[in-house]
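**Q** All chains, full assembly: derive it from the sequences and hints.
Protein chains: 2
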Amino acid sequence: MTRIVMKFGGTSVADIDRIRNVAQRVKREVEHGNQVAVVVSAMAGVTNQLVKYCTDLSPLHDAREYDAVVATGEQVTSGLLAIALQDLGIDARSWQGWQIPLRTDRAHSKARIQEIPGAELIRRMETGQVAIVAGFQGLADDNRITTLGRGGSDTSAVALAAALKADRCDIYTDVDGVYTTDPRIVPQARKLAKITYEEMLELASVGAKVLQTRSVELAMNERVRVRVLSSFTDALPGEDTGTLVVDEDEIVEKENVAGIAYSRDDAKFTLRRVPDRPGIAACIFGALADQNVNVDMIVQNISADGTTDMTFTVGKADLPRARQALADVKGQIAYGELQEDPNVAKISVVGVGMRSHAGVANTMFRALADKAINIQVISTSEIKVSVLIAAEYTELAVRALHTAYGLDAN
Amino acid sequence: MTRIVMKFGGTSVADIDRIRNVAQRVKREVEHGNQVAVVVSAMAGVTNQLVKYCTDLSPLHDAREYDAVVATGEQVTSGLLAIALQDLGIDARSWQGWQIPLRTDRAHSKARIQEIPGAELIRRMETGQVAIVAGFQGLADDNRITTLGRGGSDTSAVALAAALKADRCDIYTDVDGVYTTDPRIVPQARKLAKITYEEMLELASVGAKVLQTRSVELAMNERVRVRVLSSFTDALPGEDTGTLVVDEDEIVEKENVAGIAYSRDDAKFTLRRVPDRPGIAACIFGALADQNVNVDMIVQNISADGTTDMTFTVGKADLPRARQALADVKGQIAYGELQEDPNVAKISVVGVGMRSHAGVANTMFRALADKAINIQVISTSEIKVSVLIAAEYTELAVRALHTAYGLDAN
Chain S
1 MTRIVMKFGG TSVADIDRIR NVAQRVKREV EHGNQVAVVV SAMAGVTNQL
51 VKYCTDLSPL HDAREYDAVV ATGEQVTSGL LAIALQDLGI DARSWQGWQI
101 PLRTDRAHSK ARIQEIPGAE LIRRMETGQV AIVAGFQGLA DDNRITTLGR
151 GGSDTSAVAL AAALKADRCD IYTDVDGVYT TDPRIVPQAR KLAKITYEEM
201 LELASVGAKV LQTRSVELAM NERVRVRVLS SFTDALPGED TGTLVVDEDE
251 IVEKENVAGI AYSRDDAKFT LRRVPDRPGI AACIFGALAD QNVNVDMIVQ
301 NISADGTTDM TFTVGKADLP RARQALADVK GQIAYGELQE DPNVAKISVV
351 GVGMRSHAGV ANTMFRALAD KAINIQVIST SEIKVSVLIA AEYTELAVRA
401 LHTAYGLDAN
Chain F
1 MTRIVMKFGG TSVADIDRIR NVAQRVKREV EHGNQVAVVV SAMAGVTNQL
51 VKYCTDLSPL HDAREYDAVV ATGEQVTSGL LAIALQDLGI DARSWQGWQI
101 PLRTDRAHSK ARIQEIPGAE LIRRMETGQV AIVAGFQGLA DDNRITTLGR
151 GGSDTSAVAL AAALKADRCD IYTDVDGVYT TDPRIVPQAR KLAKITYEEM
201 LELASVGAKV LQTRSVELAM NERVRVRVLS SFTDALPGED TGTLVVDEDE
251 IVEKENVAGI AYSRDDAKFT LRRVPDRPGI AACIFGALAD QNVNVDMIVQ
301 NISADGTTDM TFTVGKADLP RARQALADVK GQIAYGELQE DPNVAKISVV
351 GVGMRSHAGV ANTMFRALAD KAINIQVIST SEIKVSVLIA AEYTELAVRA
401 LHTAYGLDAN
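Protein chains in written order, with our numbering: chain S, 1 to 410; chain F, 1 to 410.
Note that these hints are calculated values from the structure, not bench results.
Predicted, not measured: the structure shown is a model, and the values here were computed from it.
Some clues are possibly wrong.
Which copy is meant is left open, because identical chains are indistinguishable; a pair holds if it fits in one copy or across any two.
[As the list claims (entries may be wrong)] Below 25 Å or equal to it, Euclidean Cα-Cα: the simulated SDA-like pairs (lysine to any residue) are: (1) K52 with D15; (2) K52 with Q24; (3) K27 with T55; (4) K316 with Q86; (5) K316 with N292; (6) K330 with N301; (7) K52 with L88; (8) K27 with S58; (9) K52 with I90; (10) K52 with I16; (11) K52 with T11; (12) K52 with A14; (13) K330 with A162.
**A** Take a look at the structure:
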């Protein structure tokens, strides 16, 4: 008996016909003899509409109310899919985050899952009932709804797979796997049969939006085998398709670079003439952390006349909050000027093979220089090199790098 | 210190601008020194769309899943109004049915409220926080979401007013009060300054859709003073406007007939050649009750050859369920034929003065006869006479009766 979690994203449940298709796909797995739990996103477009309502009413809205509003999208889909499955003669019921309850912390709009009691769901799955779980949402200890951040349904699915001790977590999406880069930009991009958790993590964190970053982290920590596959092609249960996200050990031939990713979700701040004294960075980034703003790349220039320039990036969604936080500490820090640039893109090359091969970063810098693309900020990790460039060069840069690393399909 | 419950229907919160207007109106009451709880409906059109999703997937869908789906409309509005109020500097938070918890029975899609613990809400209202309660929804003892039936937010509001011991329950809607009849049909219709619970109840039950029937019953039982007023005119707090629904004692001059109502929400069933023996009616209406189908008018002809004809009406929404239930008992009852007619309208004249004045029914029958309108079924109560006619005569009948009872404004 195989126990699986199937997760369907917004485009897979975009309308009633597609929800019926999803029900058919779930039914096939049930009839194949599997125990099945399903995690669903909101119907495509719904979450954006709900977010827009909140933002239109107030850019700095209460995140608890935002969560109550946006969590409804998944609630609708979970009930509809349960109805569609019942209509096919399959026993099914919907579960909201607060009903399970899927416990999270209180970081509203970007909450982290703390605990999922799986016993009751397992008991019902063993009787043949399909659990349809509303993704993206949970319950904080103050009895209020939380949401996990955009793409959070992936995290719901992986966490549920771990809690249910599932054999596999199948993430159905509108692409048929993980590619060496975005095929809309590079038609020669190739689908990867397997990718390591670490690579997937770096790709996800820099904008290859197949899986949410945290879902991959969680899969890695909990050793959940994740499969990314398309909900629009007709794979049979058990068939080998999509991309499997697994342990490094499972991959025999490792390439230097697995893929090229890009992200236009960040904005760049530069604080000019910051007094160069101990504790300044703590003060700036402490103020941002207090507002729940995640800071990504950080560069500090060498100090001249007792002051320095500090450049960093934050998610565009956090921009008003970050701007406010930085204005609030101006009295304390006495920086000269605050500059803001939303027109930036982060380009990254990723690969576990990088660890044992020198020259990967240099290939990147040379390829970009050849196209006269200016690098604004550089950051590196063990298996990734990222650069910040002007957003208008995004496609050009991705194509040049895909070719430079020999990733183009023949 | 006055404690009030304000309820806003779907058209009052139809878009972001209207939600802002509602927030302004709530703010005025707060600044007037009132403790305020607000009950909101879904944005206009949203519930219909959600119901359609369910019906499209399966006409006989699981009512528990239906409830999970349709309850989201009110959840969205409650969060948005909280954001709008906070943006005006008013402390506010949203409450879902399961958070209060607003306890109901398990009759999904038409649940009845059993208990609302008010202490926590009162405590917060006393600190100045506005409670925004999602209308129409509650929680059954199996921890699943219930809904109260269409228009259920009125019932939520009145029940909440009772639980909070509120001084008044203001129902904001798209009309500015209760009229002698539907002004869209009879332009000479007059607004009533006051109406008794009993009259309001009869009007609501026959389709004057200003208030849901159950909300009026509840108001009568709990002696909640209800005011119906428009959310689109600019009344100031404390101003005397709209229609007050109150005890009969509060109304000095009672008219014979307070109003004329109509409803096209019913469908007529006729069972031909039903064996005329004891227990038959119990069998038929028992089967319908088991399916949660409400039966309204019932007529049984005098028995001829050992069989009789049985005519009754049910809500159009219950039609498939009723048809199924009647087919299921055909073996048991052995009736001859089942006829179904959805093209009927129920026209009612209502007034507490009727009790002490004879001839009210006769005026009705004569007025309809003068227009050559055939009466299919008649039913009466202490303060109401209703007839079932072909739906195409609805407007003609309402106008004729409004004139016949001298209700036309000068």
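**Q** Now, for every hint given, state plainly whether the structure supports it.
**A** Going down the list of hints, with the structure as the test:
1. K52 with D15: both (20 Å within a copy, 12 Å between copies)
2. K52 with Q24: Result: close only across copies, 21 Å inter versus 33 Å intra.
3. K27 with T55: between (39 Å within a copy, 20 Å between copies)
4. K316 with Q86: Classified as between: cross-chain Cα gap 24 Å, same-chain 41 Å, threshold 25 Å.
5. K316 with N292: within (13 Å within a copy, 51 Å between copies)
6. K330 with N301: Cα proximity of K330 and N301: one copy only (19 Å, versus 87 Å across).
7. K52 with L88: between (35 Å within a copy, 19 Å between copies)
8. K27 with S58: between (43 Å within a copy, 16 Å between copies)
9. K52 with I90: The answer is between: 22 Å across copies meets 25 Å, while 36 Å in one copy does not.
10. K52 with I16: both (23 Å within a copy, 10 Å between copies)
11. K52 with T11: Close inside one copy (19 Å) and across copies (20 Å); limit 25 Å.
12. K52 with A14: both (18 Å within a copy, 15 Å between copies)
13. K330 with A162: Result: close neither inside a copy nor across copies, 45 Å intra and 51 Å inter.
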